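Chemist: For reference, the chains in residue letters:
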Amino acid sequence: MNEQEYNIAGLSRQEFPMLQDAACRDRNGRPFHYLDSAASALTPESVLRAMDGYYRQYRCNVHRGMYDESARATEEYETSRIKVAGLLNAAPEEIVFTRGATESLNMVAYKLAARLGPGDEVVISIMEHHANLVTWQQFAKQYGFKVRFIGLRDDFTLDMDEARRLIGPQTKVVSVMHVSNALGTVLPLGELHDLARQHGATVIVDAAQSVGHRPIDVQTMDCDFLAFSGHKMYGPTGIGVLYGKHERLDALDPFLYGGDMILEVTEEDSKWNGPPHKFEAGTPNIAGAIGLGAAVDFVTAVGVENIERHERALARRALSRLADVPGLKIYGPTNDELDRGGVVSFNVEGIHPHDMADILGGEGVCTRGGHHCAMPLMRRLGLPGTTRASFGLYNGEKDIEALQSAILKAIKTLKA
Amino acid sequence: MNGIDHDRIGRADLYRQNILDHNRSPRNRRRMDDATISRREVNMSCGDDVEIFVRVEDGRIADLSFDGIGCAISQAATSMLTEKAKGLTLEEVAVLDRSFVFGLLGVEVGPARLKCALLGLETLKKALRENSDT
Ligand SMILES: Cc1ncc(COP(=O)(O)O)c(C=O)c1O
Chain H
1 MNEQEYNIAG
11 LSRQEFPMLQ
21 DAACRDRNGR
31 PFHYLDSAAS
41 ALTPESVLRA
51 MDGYYRQYRC
61 NVHRGMYDES
71 ARATEEYETS
81 RIKVAGLLNA
91 APEEIVFTRG
101 ATESLNMVAY
111 KLAARLGPGD
121 EVVISIMEHH
131 ANLVTWQQFA
141 KQYGFKVRFI
151 GLRDDFTLDM
161 DEARRLIGPQ
171 TKVVSVMHVS
181 NALGTVLPLG
191 ELHDLARQHG
201 ATVIVDAAQS
211 VGHRPIDVQT
221 MDCDFLAFSG
231 HKMYGPTGIG
241 VLYGKHERLD
251 ALDPFLYGGD
261 MILEVTEEDS
271 KWNGPPHKFE
281 AGTPNIAGAI
291 GLGAAVDFVT
301 AVGVENIERH
311 ERALARRALS
321 RLADVPGLKI
331 YGPTNDELDR
341 GGVVSFNVEG
351 IHPHDMADIL
361 GGEGVCTRGG
371 HHCAMPLMRR
381 LGLPGTTRAS
391 FGLYNGEKDI
401 EALQSAILKA
411 IKTLKA
Chain X
1 MNGIDHDRIG
11 RADLYRQNIL
21 DHNRSPRNRR
31 RMDDATISRR
41 EVNMSCGDDV
51 EIFVRVEDGR
61 IADLSFDGIG
71 CAISQAATSM
81 LTEKAKGLTL
91 EEVAVLDRSF
101 VFGLLGVEVG
111 PARLKCALLG
121 LETLKKALRE
131 NSDT
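Sequence lines, in order, name chains H and X.
The opening residue of the first sequence carries number 1 in my numbering; numbering runs sequentially from there.
The opening residue of the second sequence carries number 1 in my numbering; numbering runs sequentially from there.
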């Protein structure tokens with residue numbers, strides 16, 4: 001790792017209250033090596049300040065309030081939308097605020113699935129998070145279409161030969177993740193989308209692990225819809241985004257009915273507002289959206305390319321350190337030629353991932369053990385789960401050293 | 001961590017010698033040919049898998065064994081259970097609860113691992129309950 005990448009983390013650590021000494025003292029002297037950012041990334045001061053500012057200074061409802069504080073709430077809320085649009089290279093009206101990636105994926109599937117039926121197919125990957133997988137699986141049962149799974153090659157990359165076999169004229173939707181939260185694999189979206197386009201299929205991207213972690217341009221990515229959560233990109237929980245191409249959002253019916261999503265209501269009928277408001281019924285998560293806007297500012301200031309480089313460097317560093325651990329197997333791309341996200345999934349022979357994660361936790365190394373919401377993937381790999389270390393921009397060499405020595409300690413404890 | 005059990009329980013404690021010993025050399029780990037009752041339960045979210053075999057005679061557990069894979073806590077707790085529950089009456093087993101398992105393990109298990117610790121006992125109780133229903 002070079003000095004510059006180190007400094008990114010070194011500088012930004014100051015920004016995170018949970019990484020300060022005072023917070024760590026509450027842990028009975030246990031250090032806090034936070035290696036669970038793929039589950040949720042920590043929140044920087046600037047995001048906390050933005051949300052606090054809303055609650056303290058202008059905590060009023062958005063839209064139609066004829067006084068300064070409500071006007072300001074509306075303005076900040078809509079400014080966040082513009083910021084998110086900027087991050088993705090989308091137009092503001094293509095950004096729908098939701099509760100998170102899960103809600104975004106459900107929302108779009110709910111609307112698209114109703115148009116599918118017997119003979120139609122939806123193609124996903126075997127790596128999909130349950131938020132994408134279970135959603136299509138259940139709608140398939142309801143509407144009679146089929147879900148096809150693209151498998152993996154031995155190096156944990158997506159099997160593009162299988163993708164070419166599966167995607168055809170019967171394919172109506174291709175819905176895959178950008179970066180795997182379980183393996184760190186980066187999916188070849190360009191190739192997949194070309195295939196999907198050849199057959200006129202709608203393209204959905206689960207970008208929960210990539211927005212804010214690597215540059216995203218929805219124009220070059222050429223997707224119809226894209227979903228992500230604020231809390232995985234240093235923003236608050238309870239806020240996320242569904243991006244949709246304007247004409248695609250326009251053509252979809254609303255998901256929830258209520259206030260703000262309507263243009264005109266009579267006793268007999270209603271006319272819908274245009275996107276994005278058509279999909280934001282009711283009082284939204286105003287503080288969350290404002291916090292997300294601040295998180296966009298934060299990752300932009302650090303530089304999303306720098307974050308990407310840093311995470312990848314940490315992952316490679318971890319891979320090379322863990323390669324020395326006896327009996328340890330990595331599940332995910334290990335070849336330096338392959339792009340990968342900041343997630344390192346592993347098992348040590350004879351040790352259950354929960355025992356591993358539990359002992360690591362006791363050493364102040366915060367990882368996650370289990371199926372990472374990808375049970376069909378684990379089943380295909382023949383595993384009860386893995387232990388996963390995932391990196392954020394605040395992590396550095398020390399965290400990886402701590403990870404390695406805690407793994408060695410766990411092996412000693414469990415195998416002695 | 002104020003109010004949270006973590007440090008009272010202490011992970012070092014969770015992986016104490018008796019638990020590790022039962023995990024490495026489980027007792028009564030065998031499939032039973034003459035079992036009167038058997039039942040398999042899985043902790044889907046953890047990947048813990050336990051199958052319990054019971055031979056009931058005169059309302060008592062005459063023999064008890066298990067087979068399974070999973071984390072050290074689930075396997076050790078089940079192994080200990082098979083030692084201690086042998087000879088108990090069905091009524092006695094029916095009232096066993098988490099404190100009994102904590103007693104076996106010698107440590108109170110926190111919320112994150114409770115399902116692992118209780119899998120064996122729950123499986124045994126379900127097996128016996130189901131059997132008494134039929
Ligand atoms: C790839 C991926 N998709 C979807 C989700 C769901 O995100 P959320 O729980 O924030 O809705 C996650 C979170 O773990 C994820 O990693």
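No lab work stands behind these hints: they were computed from the structure.
Note that the structure is predicted; figures quoted are calculated from it, not measured.
Please note that the accuracy of each hint is not assured.
Stated by the list, open to error - Below are the DSS-like pairs computed for lysine-lysine, each with C-alpha atoms no more than 30 Å apart in a straight line:
no., chain 1, residue 1, chain 2, residue 2
1, X, 115, X, 86
2, X, 115, X, 125
3, X, 115, X, 126
4, X, 84, X, 115
5, H, 329, H, 271
6, H, 412, X, 125
7, H, 111, X, 125
8, H, 412, H, 398
9, H, 329, H, 83
10, H, 141, H, 83
11, X, 86, X, 125
12, H, 141, H, 111
13, H, 415, H, 398
14, H, 415, X, 86
15, X, 126, H, 412
16, H, 111, H, 329
17, H, 409, X, 126
18, H, 415, X, 84
19, X, 84, H, 329
20, H, 398, H, 271
Unchecked claim - Computed spacing ranges between beta-carbons, pair by pair:
no., chain 1, residue 1, chain 2, residue 2, range
21, X, 86, H, 401, 30 to 36 Å
22, X, 30, H, 144, 24 to 30 Å
23, H, 161, X, 111, 42 to 48 Å
24, X, 30, H, 305, 26 to 32 Å
Note that the Cβ used here is the ideal one computed from N, Cα and C, for glycine as well.
Chemist: Hints first: check each against the structure and report whether it holds.
Modeler: Here is how each hint holds up against the structure:
no., hint, result
1, 115(X) x 86(X), "holds, 22 Å"
2, 115(X) x 125(X), "holds, 14 Å"
3, 115(X) x 126(X), "holds, 15 Å"
4, 84(X) x 115(X), "holds, 19 Å"
5, 329(H) x 271(H), "violated, 57 Å"
6, 412(H) x 125(X), "violated, 35 Å"
7, 111(H) x 125(X), "violated, 45 Å"
8, 412(H) x 398(H), "holds, 21 Å"
9, 329(H) x 83(H), "violated, 41 Å"
10, 141(H) x 83(H), "violated, 38 Å"
11, 86(X) x 125(X), "holds, 13 Å"
12, 141(H) x 111(H), "holds, 15 Å"
13, 415(H) x 398(H), "holds, 25 Å"
14, 415(H) x 86(X), "holds, 29 Å"
15, 126(X) x 412(H), "violated, 36 Å"
16, 111(H) x 329(H), "violated, 41 Å"
17, 409(H) x 126(X), "violated, 37 Å"
18, 415(H) x 84(X), "holds, 25 Å"
19, 84(X) x 329(H), "violated, 37 Å"
20, 398(H) x 271(H), "violated, 57 Å"
21, 86(X) x 401(H): 30 to 36 Å, "violated, 47 Å"
22, 30(X) x 144(H): 24 to 30 Å, "violated, 47 Å"
23, 161(H) x 111(X): 42 to 48 Å, "holds, 45 Å"
24, 30(X) x 305(H): 26 to 32 Å, "violated, 58 Å"
Consistency with the previously given hints fails for numbers 5, 6, 7, 9, 10, 15, 16, 17, 19, 20, 21, 22, 24, ordered from lowest to highest.
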